[in-house]
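Enquirer: Residue numbers (my numbering), protein chains in the order written: chain A, 1 to 167; chain B, 168 to 345.
Hints in this document: simulated from the structure, not taken from any laboratory. We treat Cβ as the ideally placed atom computed from N, Cα and C, and that holds for glycine. Where hints are given, some of them may not hold.
Unchecked claim - For each label pair, taking beta carbons as the anchor points, the in silico distance ranges come out as:
hint, chain 1, residue 1, chain 2, residue 2, range
1, A, Ile128, B, Lys333, 28 to 38 Å
2, A, Phe121, B, Lys221, 52 to 62 Å
3, A, Leu116, B, Phe181, 17 to 27 Å
4, A, Phe121, B, Gly191, 45 to 55 Å
5, B, Ala210, A, Leu122, 40 to 50 Å
6, B, Ala345, A, Ala129, 47 to 57 Å
7, A, Ala68, B, Lys231, 27 to 37 Å
8, B, Met168, A, Cys58, 51 to 61 Å
9, B, Gly205, A, Asp39, 31 to 41 Å
Chain by chain, the residues run as shown.
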Amino acid sequence: MLRNAIRTGLLCAMLCAGLCAGLATIPASADVAQPVARDPQLEARVTALTQELRCLVCQNQTIADSHADLAIDLKNQVREKLAQGQSEKEITDYMVQRYGDFVLYRPPMKSTTWLLWIGPFLILFCGIAVLARMIANRRVAVDAMPEQDMQHAAALLAEVPEKKETP
Amino acid sequence: MKRVLLSLLPLAGFLLLAWFLMVGLHRDPRAIPSPLVGKPAPAFVLSQLKAPEKNFSPQEMQGKVWLLNVWASWCVACREEHPVLLDFSRLGIVPIMGLNYKDGRSDGVNLLRQFGDPYNLSAFDGDGRVGIDYGVYGVPETFVIDKHGVIRYKQTGPITPEVINKTLLPLIRELNNA
C-alpha cells in the first residue's frame, strides 16, 4: 500500500516536472514600453523581431524588454537594418553569427536541440504509459479475487440486514 | 523482480532530472560558446585611442599570434583584470591589442595613464559597432587570434593568472609553433 502511494507520488512529481519543462519553452509575453515611433509600421516590425531575440546581458529578457546598453544598441541596429530593407531572416542570421543560437528565444530544431523540444513530451508520454499500465493492473487485481473470498464477502453482505433487525 | 524494477522507474526518472538540474547549478550561464571561435576575426578599421589620427586594423597583425582585449573605463571587472594584464604584458609573449569599447576617449586615456597601459595600442570603438561584430556582451572579453587571423579562443570575463597559465599560455605556444 505504502509502496503504491510512493509510486503514485513519484509519478505525479515526474508528470509535473514534464509539464513545467514543457511550459518553460513557451516565452511569456510581457508588457513592452512603447518606443517613440517615427514610422509605426517599422517600429512594429522592430518590436516583433526584437521580442524574438534574447538580451545577452540580462539573459531572461528579450532585447525588446531590456534597457541594457547592449540591448538598446542592438535594437537600433535592428531598426537600421530593417529600414535598409533587410529581411527579418537576414537580421536573425546576423545576430546568430555574432552571438550564437543563444540569442534566439526559440532555439532551432537541430540534432543538439531535439531533446530540448520533444523531451518534455517524451516524459509526459512515459508518465501516461506507466499510469495506464498501473490502472490496468489494478483492475485485473480486482477481477482476480479468489472464488472463496467472493463467497465469504457475499455471505457477510447477506448478514447485514438481519443484524439491523435485532437492536 | 520485474515489479520492483518497474516501481523504481519513476525514481530513476526523477534522479535523472535532478542530475540535470544539479549540473545546471554549477554551470556559468554567462559563459556562452561564441560562434566566432574558428572563424576569421571580423575586419574593422578604427582610430587609435591615444593617437586619433592613426588607424588600427586587425589586418596589420597577419602572421602574428595576438590578443584582442575588449575593455572600458566604466567596466568594474576590467579594473580587476588590469594588473593581471599588466604583468602579462611585461613578459612580452604576445602583442596585446585593446579595444576600448563604448567609452569616452578621455576616460579611456585617463585610466591608462593612472593605472598603466598593458596594450601595444588600443583601438577606439566609441559607439560599440565593432564590439557587436565581435559578439561582445560582457566586458572584459579577450580573443586569441592566430597567424591567419582566425579566432581560436574567447574568454568572457576577466583574465586571471589561472586562465593565463592553464589556457592562454599553452594555446599561444601551440599557435606560435603552428
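Enquirer: Hint by hint, say whether it matches the structure.
Expert: Structure-based check of all given hints:
1. Checked against the hint of 28 to 38 Å, the C-beta distance between A/Ile128 and B/Lys333 comes to roughly 48 Å, which is inconsistent with it.
2. At roughly 59 Å, the beta carbons of A/Phe121 and B/Lys221 sit within the given window of 52 to 62 Å.
3. Separation of A/Leu116 from B/Phe181 is about 19 Å and conforms to the stated range, judged on CB atoms against 17 to 27 Å.
4. For the pair A/Phe121 and B/Gly191, the supplied restraint of 45 to 55 Å is violated, since their beta-carbon distance comes to about 20 Å.
5. Checked against the hint of 40 to 50 Å, the C-beta distance between B/Ala210 and A/Leu122 comes to roughly 45 Å, which is consistent with it.
6. Range check, B/Ala345 to A/Ala129: about 54 Å between beta-carbon atoms, so the 47 to 57 Å window is met.
7. Take A/Ala68 and B/Lys231: their Cβ atoms lie about 34 Å apart, and the range 27 to 37 Å holds.
8. Restraint check, B/Met168 to A/Cys58: a C-beta distance of roughly 52 Å satisfies the suggested window 51 to 61 Å.
9. Between B/Gly205 and A/Asp39 the beta carbon distance is about 39 Å. The supplied range of 31 to 41 Å therefore holds.
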